[in-house]
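Number of protein chains: 2
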Amino acid sequence: MSKVEIGSDRIYYPMPCSLVGANVAGKANYLTVAWFSMVNPEPAYLAVAMNKAHYTNSGIKTNGTFSVNIPSSDMAEKTDYCGMVSGRKFDKAAIFETFYGKLETAPMIKEFPFNVECRLVQTVDLPAEELFIGEIIAAYCDESCLTEGAPDLNKINPFVLIMPDKKYRGLGQDIGAAWEIGKKLIKK
Amino acid sequence: MSKVEIGSDRIYYPMPCSLVGANVAGKANYLTVAWFSMVNPEPAYLAVAMNKAHYTNSGIKTNGTFSVNIPSSDMAEKTDYCGMVSGRKFDKAAIFETFYGKLETAPMIKEFPFNVECRLVQTVDLPAEELFIGEIIAAYCDESCLTEGAPDLNKINPFVLIMPDKKYRGLGQDIGAAWEIGKKLIKK
Chain R
83 MSKVEIGSDR IYYPMPCSLV GANVAGKANY LTVAWFSMVN PEPAYLAVAM
133 NKAHYTNSGI KTNGTFSVNI PSSDMAEKTD YCGMVSGRKF DKAAIFETFY
183 GKLETAPMIK EFPFNVECRL VQTVDLPAEE LFIGEIIAAY CDESCLTEGA
233 PDLNKINPFV LIMPDKKYRG LGQDIGAAWE IGKKLIKK
Chain E
83 MSKVEIGSDR IYYPMPCSLV GANVAGKANY LTVAWFSMVN PEPAYLAVAM
133 NKAHYTNSGI KTNGTFSVNI PSSDMAEKTD YCGMVSGRKF DKAAIFETFY
183 GKLETAPMIK EFPFNVECRL VQTVDLPAEE LFIGEIIAAY CDESCLTEGA
233 PDLNKINPFV LIMPDKKYRG LGQDIGAAWE IGKKLIKK
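Protein sequence lines, in the order shown, are assigned to chains R and E.
Its first residue numbered 83, the first sequence is counted upward by one per residue in this note's numbering.
Its first residue numbered 83, the second sequence is counted upward by one per residue in this note's numbering.
It should be emphasised that the hints constitute simulated quantities derived from the structure, not laboratory data.
Worth double-checking, as some hints may not be accurate.
Claimed, not checked - Label pairs and their calculated CB-CB ranges:
id	chain 1	residue 1	chain 2	residue 2	range
1	R	K184	E	A176	44 to 52 Å
2	E	G231	R	E262	36 to 44 Å
3	R	I268	E	E179	27 to 35 Å
4	R	D173	E	P209	34 to 42 Å
Unchecked claim - Calculated from the model, a selection of chain R residues having no Cβ within reach of chain E, i.e. all distances over 10 Å:
id	residue
5	A107
6	S140
7	T144
8	N145
9	T180
10	E186
11	T187
12	Y222
13	I268
Stated by the list, open to error - Only some residues are given here: those of chain R computed to face chain E with a beta carbon under 8 Å:
id	residue
14	K134
15	A135
16	W261
C-beta atoms are modelled at their ideal positions from N, C-alpha and C, and glycine is treated no differently.
Isolated chain R, as found in the complex:
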């Protein structure tokens, strides 16, 4: 197997797709974000990286709140749209039904099966992006996407973005059980 050094402009991996919500000037706005991750288990923190040019950032900083909404695959067109136009010119919230939760200023998307609302904990200033670290204050799931009371990603049916293909892809075949299939390699 031969290794080739390639351009170091990014790391390639399946990037989860979300819409980040914030109130900007008192009105709900949503931005497509594929650069996010859980970053702390307890309290539950997640981090979202958003280019400083985006309209949504100012709302997050003003209110100290935001949401992350996980779309199902049949919401891919709406998800894609929200990454192509700016809230400065388009009323992106018009294509969704918005609801609010405990924080009152973090708009969430009713049609998306899984939503969390976050309180901004810290903003890390990066060269082109702001990395917003938020504590998950409450989480909401469509009743139809629960299995034994827990969100079921098989029912939520999320998707990832892959580059440089610029393609959205669904969840694929079962590769194995985590914290299980590696056990055979543990030498006692």
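Following the hints, position chain E against chain R.
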């Protein structure tokens, strides 16, 4: 569609799987990490969240370097294993062939199709985790996983972790073209 408030202990999404590499006490060690993301495009920064208890963290802080290695689905067992045992007790690097690049202290896994080596830019101290932000200094790909000179995720064949199922899943069906399928929603 009825929304149910559920426990706010995490957000559910397809988490990309990687092994983070660092030299600890001069020896290569690898840790399974599913909490990472790109966070800045230029310079290319990524962030990895790692619990403070992990052995690998000290190596990252000592050397100021680390790697992120993307496994193919046939490396799922080895990936799983590296998340179940500690480098304090097990020589996890023994199951891989390690190579080094420009930074000289960021060990990378030859068998994994895609690897980046990073210089530590910033460490964000979180309650349980350290969030290491690194600049990608160089990237390497198996020649067999390139298409027209760029890494091809269809060939790399990566996988994600889904919770609470504790399952690894491959890439699924094509949902549509990004920056394309949403165009029809743009009102001129």
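- Message: Less than 8 Å between beta-carbons is the criterion; does R/A135 satisfy it with respect to chain E?
- Response: At 12 Å from the nearest chain E Cβ, R/A135 fails the 8 Å test, so the hint is violated.
- Task: Beyond 10 Å from every chain E Cβ: check whether that's true for R/T187.
- Result: holds (17 Å)
- Would you check whether the claim that R/T180 is not at the interface survives, using Cβ distances to chain E and the 10 Å cut-off? For R/T180, whose nearest Cβ neighbour in chain E is about 12 Å away, the distance exceeds 10 Å, so it holds.
- Taking 10 Å as the cut and beta carbons as the points, is R/N145 off the interface with chain E? holds (18 Å)
- Look at the Cβ atoms of E/G231 and R/E262 and judge whether their distance stays inside 36 to 44 Å. At roughly 38 Å between Cβ atoms, R/E262 and E/G231 fall inside 36 to 44 Å, so the hint holds.
- Non-interface claim for R/Y222, where every Cβ of chain E lies beyond 10 Å: Per Cβ check, R/Y222 is inside 10 Å of chain E; nearest 5 Å; violated.
- Task: Closer than 8 Å between Cβ atoms is the bar; does R/W261 clear it against chain E? Give me holds or violated.
- Result: Since the shortest Cβ distance to chain E is 6 Å, the answer is holds.
- Query: Regarding the assertion that R/T144 does not contact chain E, is the least Cβ-Cβ distance greater than 10 Å?
  - Reply: holds (22 Å)
- Is it true that the C-beta distance of R/D173 to E/P209 lies inside 34 to 42 Å, as the hint says? holds (38 Å)
- For R/I268 and E/E179, compare the CB-CB distance with the range 27 to 35 Å and indicate the outcome. violated (20 Å)
- Item | chain E versus R/S140 - minimum CB to CB distance exceeding 10 Å, so not interface | holds (19 Å)
- Hint status (Cβ of R/K134 to nearest Cβ of chain E, threshold 8 Å): violated (10 Å)
The earlier numbered hints that this structure contradicts are 3, 12, 13, 14, 15.
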